[in-house]
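**Student:** Given next are the chains, with one letter for each unit.
2 protein chains.
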Amino acid sequence: MATDHTRSAILTAAERLYADRGFADVTLRDIVAAADVNLAAVNYHFGSKDELIAELFVTRSLATNRERLNELKAAEEAGGGRAEIDVVLRALVGPTLRGCLGPDKQRSDAARFMIRASIESVPPIRKIKNREVDHLRKFAAAMKRALPGRDEVDLYWGLHFALAMAHQTIRDTERLTKLSDGKCDLNDVNAIIDRVVAVATLALTTNPGRSKTGPRVNVLAAR
Amino acid sequence: MATDHTRSAILTAAERLYADRGFADVTLRDIVAAADVNLAAVNYHFGSKDELIAELFVTRSLATNRERLNELKAAEEAGGGRAEIDVVLRALVGPTLRGCLGPDKQRSDAARFMIRASIESVPPIRKIKNREVDHLRKFAAAMKRALPGRDEVDLYWGLHFALAMAHQTIRDTERLTKLSDGKCDLNDVNAIIDRVVAVATLALTTNPGRSKTGPRVNVLAAR
DNA sequence: TTGCATTTCAAACAGACGTATGAAACTATG
DNA sequence: CATAGTTTCATACGTCTGTTTGAAATGCAA
Numbered sequence: 001m002a003t004d005h006t007r008s009a010i011l012t013a014a015e016r017l018y019a020d021r022g023f024a025d026v027t028l029r030d031i032v033a034a035a036d037v038n039l040a041a042v043n044y045h046f047g048s049k050d051e052l053i054a055e056l057f058v059t060r061s062l063a064t065n066r067e068r069l070n071e072l073k074a075a076e077e078a079g080g081g082r083a084e085i086d087v088v089l090r091a092l093v094g095p096t097l098r099g100c101l102g103p104d105k106q107r108s109d110a111a112r113f114m115i116r117a118s119i120e121s122v123p124p125i126r127k128i129k130n131r132e133v134d135h136l137r138k139f140a141a142a143m144k145r146a147l148p149g150r151d152e153v154d155l156y157w158g159l160h161f162a163l164a165m166a167h168q169t170i171r172d173t174e175r176l177t178k179l180s181d182g183k184c185d186l187n188d189v190n191a192i193i194d195r196v197v198a199v200a201t202l203a204l205t206t207n208p209g210r211s212k213t214g215p216r217v218n219v220l221a222a223r
Numbered sequence: 001m002a003t004d005h006t007r008s009a010i011l012t013a014a015e016r017l018y019a020d021r022g023f024a025d026v027t028l029r030d031i032v033a034a035a036d037v038n039l040a041a042v043n044y045h046f047g048s049k050d051e052l053i054a055e056l057f058v059t060r061s062l063a064t065n066r067e068r069l070n071e072l073k074a075a076e077e078a079g080g081g082r083a084e085i086d087v088v089l090r091a092l093v094g095p096t097l098r099g100c101l102g103p104d105k106q107r108s109d110a111a112r113f114m115i116r117a118s119i120e121s122v123p124p125i126r127k128i129k130n131r132e133v134d135h136l137r138k139f140a141a142a143m144k145r146a147l148p149g150r151d152e153v154d155l156y157w158g159l160h161f162a163l164a165m166a167h168q169t170i171r172d173t174e175r176l177t178k179l180s181d182g183k184c185d186l187n188d189v190n191a192i193i194d195r196v197v198a199v200a201t202l203a204l205t206t207n208p209g210r211s212k213t214g215p216r217v218n219v220l221a222a223r
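Protein chains in written order, with the working numbering: chain A, 1 to 223; chain B, 1 to 223.
These are calculated hints, taken from the structure and not from any lab test. There could be a bad hint or two in this list.
When chains are identical, the list treats them as one kind, so a pair holds in a single copy or across two.
Below, computed lysine to any residue pairings styled on SDA-like, alpha-carbon distance capped at 20 Å [what the hints assert, rightly or not]:
(1) LYS129 - ILE119
(2) LYS183 - GLU152
(3) LYS127 - GLY22
(4) LYS127 - ARG60
Remember, it's a predicted structure, so these values are computed and weren't measured experimentally.
Using the sequences provided together with the hints, build the complete structure.
**Tutor:** Here you go:
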C-alpha cells in the first residue's frame with residue numbers, strides 16, 4: 001500500500017507528457033522514463049495503455065465538472081435559485097481557463113491534458129466523453145433560468161461559443177501571441193476570463209437581427 | 001504523364017482519411033488500400049509519409065488563404081479600400097465554414113483536413129504553419145481599417161475569437177447537435193456564418209463598459 | 001527466522017509501422 | 001521492332017510499439 005508511489009508517478013508523468021506533446025507522440029517508454037519506473041509497471045498497475053489514459057481522463061473529468069458545478073451552485077444559491085448569465089458562463093469557462101493558463105504547474109498539466117483529450121479523440125476517451133453532454137445540459141438549464149425569454153437555440157449557440165473561445169485560447173496561445181506581437185497578455189488569466197465571458201454574455205443578451213446596419217459605436221472614449 | 005493517376009489517387013485518399021480519422025490513426029497501408037495502389041507508390045511519388053502530408057497541407061493552405069484574400073480584396077475594392085468589419089470577418093471565416101459544413105464532399109474533405117492540421121500538430125506541418133500568422137496579419141490590418149478607433153488588442157482578440165468559434169463549430173458538430181437535441185441546425189451553413197460573424201462583430205463594435213447584468217464585467221477592454 | 005503475497009525488473013515477444021529493393025510491367029521514342 | 005526510361009509490384013528490412021514472461025526483490029504475517 002505504501003508503494004503506490006509507482007502508480008502515482010506514472011499518472012503524473014503521463015499527464016504531463018500527454019499535455020505537452022499529445023497522445024500520438026508519447027509512448028509508454030517515454031512515460032516510464034519520465035516516471036523513473038520499469039516498463040512493465042504500466043501494465044501491472046493499469047492493465048493497458050488505454051486503461052491508463054481512461055483513468056486519467058475520468059479522474060480529471062470528474063474533478064473539472066465538480067469544480068464547475070460548485071461554482072454554479074454557489075452562485076445560484078446566493079441568487080435565490082437563479083444566477084445572472086455572466087456568472088453562469090464564468091462558472092463554465094473559469095475553472096478550465098484558470099487551470100490551463102494559471103501559474104500552478106500541476107493544475108496546468110491537468111487542464112491541458114483535458115484540452116488534448118477534447119481534441120485528439122483516442123478510442124478509450126471517446127466512449128467516456130459522451131457523458132460531458134449531460135454535464136453541459138446542467139449549464140444550459142442554468143442559462144435558461146438566467147434568460148428565460150431567450151430562444152433556446154440561441155442559448156445553445158452561446159454556450160457553444162463560450163466554450164469555443166475558452167478552448168481555442170488555451171490551445172493556441174502561441175498564434176495569438178505572435179499575431180499580436182505579444183500585445184495580448186496571456187498571463188492575466190482573470191482578464192481573459194472576463195473577456196470570454198463578456199463576449200458570450202454580449203452575444204446572449206443583445207437582440208439579434210439589427211447588428212449590421214446599426215449605428216457604429218464610437219470607441220474612442222474607451223481607453 | 002497520363003499516369004499521375006496514382007499520385008492524385010493517393011492525395012485524395014489520404015486527405016479523406018486524415019480528415020475523417022486524424023493523423024495518428026491513419027497508416028500508409030490504410031491510404032494505399034483506399035487509393036487502390038501499391039504500398040511503395042507513396043515513397044516513389046512523394047519521398048516519404050511526411051512529405052505527402054506536407055504537400056497536402058501546403059496545397060490546401062494556399063488555396064484557403066487565396067480564397068479568403070480574394071473575398072477580402074473584392075470587398076475592400078468595392079468599398080474604396082475599406083470594408084465594414086462584418087464583411088472582413090465574413091471573408092475570414094466564410095471559406096472554411098462553407099468548405100467544412102457545405103454539401104460538396106471533396107471540399108469538405110479538404111477543409112476538414114485543414115482543421116485536423118490546425119489541431120494535431122504533426123512535425124511536417126508545424127514548420128509550415130508559422131506562415132499562417134503572416135496571412136492573418138492581413139486580416140488584422142483590414143480590421144484596423146474598418147475600425148480605426150478600436151484598441152489594437154481588442155482587434156486581435158476579436159479575430160482570435162472569430163476563428164475560435166468557426167473552428168470549434170466545425171470540429172465538434174456532434175456535441176452541439178446532441179446538446180441541443182438537434183435543434184441547432186448545422187446544415188444551414190449561411191446561418192452559421194451569420195451567427196459567427198454577428199457575435200464577433202458585436203464583440204468588436206460594442207463599447208466596453210459595465211454589463212447590464214451586473215457591475216462585475218468590465219467588458220472587452222478587460223484590462 | 002520461515003513462508004507467502006505483492007511488486008519490480010530485465011528481457012523477450014509478436015505485430016505494425018515507414019521505408020528500401022530489385023524485378024516485372026508499362027510507355028514512348030527511334 | 002528494339003531500347004531506354006518510367007512506373008508498378010511483391011516482398012523484405014529494420015525499428016518501434018504495447019504487451020507478456022518468469023525470475024528476482026521486497027513487504028509482511030506467523
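**Student:** Look at each hint and say if it fits the structure.
**Tutor:** We went through each hint and held it up to the structure:
When the C-alpha separation of LYS129 and ILE119 is checked against a cutoff of 20 Å, the pair qualifies both within a copy, at 11 Å, and between copies, at 18 Å. For a Cα distance limit of 20 Å, the shortest separation of LYS183 from GLU152 across copies, 8 Å, qualifies, whereas the shortest one inside one copy, 37 Å, does not. Proximity of LYS127 and GLY22 under a CA criterion of 20 Å is satisfied in both settings, with 19 Å inside one chain copy and 17 Å between copies. Taking the shortest Cα distances, LYS127 and ARG60 sit within 20 Å of each other inside one copy (15 Å), while across copies they are farther apart (32 Å).
Hint compliance for this structure: no hint is broken.
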